[in-house]
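Could you build all of it, start to finish, from the sequences and the hints given here?
In order, the protein sequences belong to chains A and B. Under this note's numbering, the first residue of the first sequence is numbered -2, with each subsequent residue one higher. Under this note's numbering, the first residue of the second sequence is numbered -2, with each subsequent residue one higher.
Treat the hints with caution; some may be incorrect.
Unchecked claim - With a straight-line cut-off of 16 Å between C-alpha atoms, the simulated EDC-like cross-links for lysine to aspartate or glutamate are: (1) Lys20(B) to Glu180(B); (2) Lys20(B) to Asp260(B); (3) Lys20(A) to Asp260(A); (4) Lys52(A) to Asp37(A); (5) Lys224(A) to Glu22(B); (6) Lys224(B) to Glu22(A).
In short, the hints are calculated from the structure, not lab data.
Number of protein chains: 2
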Amino acid sequence: MPQFLDAREPGFEARFQALLGSKREDAPDVDDTVAAIIADVRQRGDEALVELTAKFDRLQLTPDTLAFTDDEIDAYCAQVPAAERAALELAAARIRAYHDRQLPRDESWTDEAGATLGWRWSPVSAAGLYVPGGLASYPSSVLMNAIPAQVAGVGRLVVTVPTPDGAVNPLVLLAARLAGVHEVYRIGGAQAIAALAYGTATVRPVDKITGPGNAFVAAAKRRVFGKVGIDMIAGPSEILVIADRDNDPDWIAADLLSQAEHDESAQSILITDDEAFGQAVARAVEARLETLERRAIAGPSWRDYGAVITVRDLAQAAELSDRIAPEHLELCVADADALAARITHAGAIFIGAWTPEAIGDYIGGPNHVLPTARSSRFSSGLSVLDFMKRTTLARMSPEALGAIGPAAETLARSESLEAHGLSVRLRLDRLNGAGQ
Amino acid sequence: MPQFLDAREPGFEARFQALLGSKREDAPDVDDTVAAIIADVRQRGDEALVELTAKFDRLQLTPDTLAFTDDEIDAYCAQVPAAERAALELAAARIRAYHDRQLPRDESWTDEAGATLGWRWSPVSAAGLYVPGGLASYPSSVLMNAIPAQVAGVGRLVVTVPTPDGAVNPLVLLAARLAGVHEVYRIGGAQAIAALAYGTATVRPVDKITGPGNAFVAAAKRRVFGKVGIDMIAGPSEILVIADRDNDPDWIAADLLSQAEHDESAQSILITDDEAFGQAVARAVEARLETLERRAIAGPSWRDYGAVITVRDLAQAAELSDRIAPEHLELCVADADALAARITHAGAIFIGAWTPEAIGDYIGGPNHVLPTARSSRFSSGLSVLDFMKRTTLARMSPEALGAIGPAAETLARSESLEAHGLSVRLRLDRLNGAGQ
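Dropping the structure here:
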């Protein structure tokens, strides 16, 4: 049974705060293991990669077979059925079209003091994308990570994907190809992150690492952060659906389950202004759970972390939503645009009942890598900007330095930074004819 | 003596790599202490803040005197001499004008499939700015952190600044006032970070924490990351100057010293295409060091980490610069704009000999919080975007779902995510008249 809360009842605030504070993830402490793996890869390079892959993935490689060859990738891509290829191609095109619009502008201007100012964006030189193996090896995630990098103009795009017992997902390789990935390595775990960050004889290092992974991968990303850039460390997935009574309970139930089936720690919450509708959705969820393929995952998620909250009205729903700051927010109400305008904190908003969240996972266009665990209060989903960096530019004319330099000198001296002041003063003296 | 390297000589590559890899920071391990302080503040709130401030800052406060009152701030601001006030006001105006241009655009469009897509930027609700006490209590840093937040539209701006033995820097309070800061607390160290992240009875929690600090502050920011957003953890400052022979060696010496005087671990590097000029600059540095107020800091920095590199030509200078990926890059050459165009990795570029880096520290307009330790390869200086987050938006018309939904269902099934597919299929069935 999920929790049923009623915002109109006394005691709601305490229960809601408990829901907000509930800890769903109990990450195992693998930091020592990961530190040892990273040190091993740094020291022994390819040799360590080969040994660790034999150990963890039961796969015997050599330095020469760490990477897939182009011919191998071609052969795997040819195995993908036409319908799946077409779907992946459509997804890639739509994701690219959305992300193309995120390319930032460079700026340059000269102000009234005569200072020419601005900034310039440039892509990182090389990016590495981690793709999990096994059950969580999602081709959609390859597109969502690699296409923003490709749009950013990243010169070298690398994928690492473990292939336990040699099992390869052809769709992952096709997605990599569609997204312009240049190199694909059959390695995973902390050893893959170490290779991407520090490089080996075979795997040249990258500047930025993104992509989801298990506890070992997450710990390794934390450790190499600073040496390279990383994306966020994502927590379990979440959906909040705000729905009024004029919805098919079965649609909303499917939407809630589409998060619950990801992970036993995932969280699905329904907020409605109609208590009976909430109960109808909960019944529909139970009915679907009887036959759902992943009921062993979705069931515990829904029963342990799911919640149905009845509110006074949609204004209250918006307030609670901002406190939850959900990763995914679905708005299935009559005037969904108006409700969307009231929301401040959410990773992605799916507006109207014809926009199930799953559209956003695959094919809508926006990125599906989104802030979890209430971090949409201060962070954003993956974008082209994550694969770019900005260099600020300043050029003073002698007149500009004459105009604003004295204030800089004053401030430098007030901070007891004499050389700062001196570097300005020497130039001002020249300008005033006092120098030399 | 700084290092002298010559890129035209054999053995240069090894020496250059050693320079790149030199570790300048030896951060003490204060993590256990910091963990205990954070736990204490979470548990005992204001009481812990008062006790820890008495212990570390030798200052007896009560919950009522944790914050400066408006009258106190007024009184301190009135102590600031007119010249310093005018300089700070000019700096604030110029920094604001620069950052105003960074405000990102919202986007919304409807594509040919009938999908309405876009994104919306919004400010974080509350931001906390840490300001160090003592020697490193820089009013310029208050402006550089608070103004981007103010421009972003952050609703609540909080400053924490320790006042050891009750010593207050009036310029810091004036800078806070000029930058629209709403609350200023007399607390510092890990306890201030804990209060900002978790809140106490007096200090409400914020969503994002920025600002420089010592090892305790840095460790505390790392620990609260996830609960709140943080900015980068900055390392020691760096400058790279590329200068040809047509420069005054004394100007370049002052520029190099303006980083060296920050910190014994700071690094100043000169690259020149004229060996004799490099030696002249080194002599000028030594001459200035004889009288510089901060010679006890700048001297060790220059002698331990400083370097003068002679190159074949400016093209090689640009190549080496990108490998160094400096925080600050000053280009004092005849065609500085052309050289700037060849640079890919740098936090900030100061173009031409009339643009000493110190202008950027105070008054140029661009932010002075910049990526250190080669991280300009993958990250950017502080900006308005650091105080905003992006929510992606998607709205499908029934026709749009009919057009692209089947591909989403195909991909969901290929990833064995049945409920994802179902959430789309139920709607497609209704559209096709099969449902209900």
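Tested hints:
As the CA atoms of Lys20(B) and Glu180(B) are separated by approximately 38 Å, the hinted pair breaks the 16 Å bound. Of the pairs offered as hints, the one joining Lys20(B) and Asp260(B) holds, with about 14 Å between alpha carbons and a cut-off of 16 Å not exceeded. Taking the CA atoms of Lys20(A) and Asp260(A), the gap is near 14 Å; set against the 16 Å cutoff, the hint holds. As the CA atoms of Lys52(A) and Asp37(A) are separated by approximately 14 Å, the hinted pair is consistent with the 16 Å bound.
For the hint pairing Lys224(A) with Glu22(B), the CA-to-CA distance comes to about 14 Å; that is within 16 Å, so the pair holds. The suggested pairing of Lys224(B) with Glu22(A) holds, with an alpha-carbon distance near 14 Å, which does not exceed 16 Å.
Going through the hint list in order, the structure does not satisfy hint 1, though it satisfies all others.
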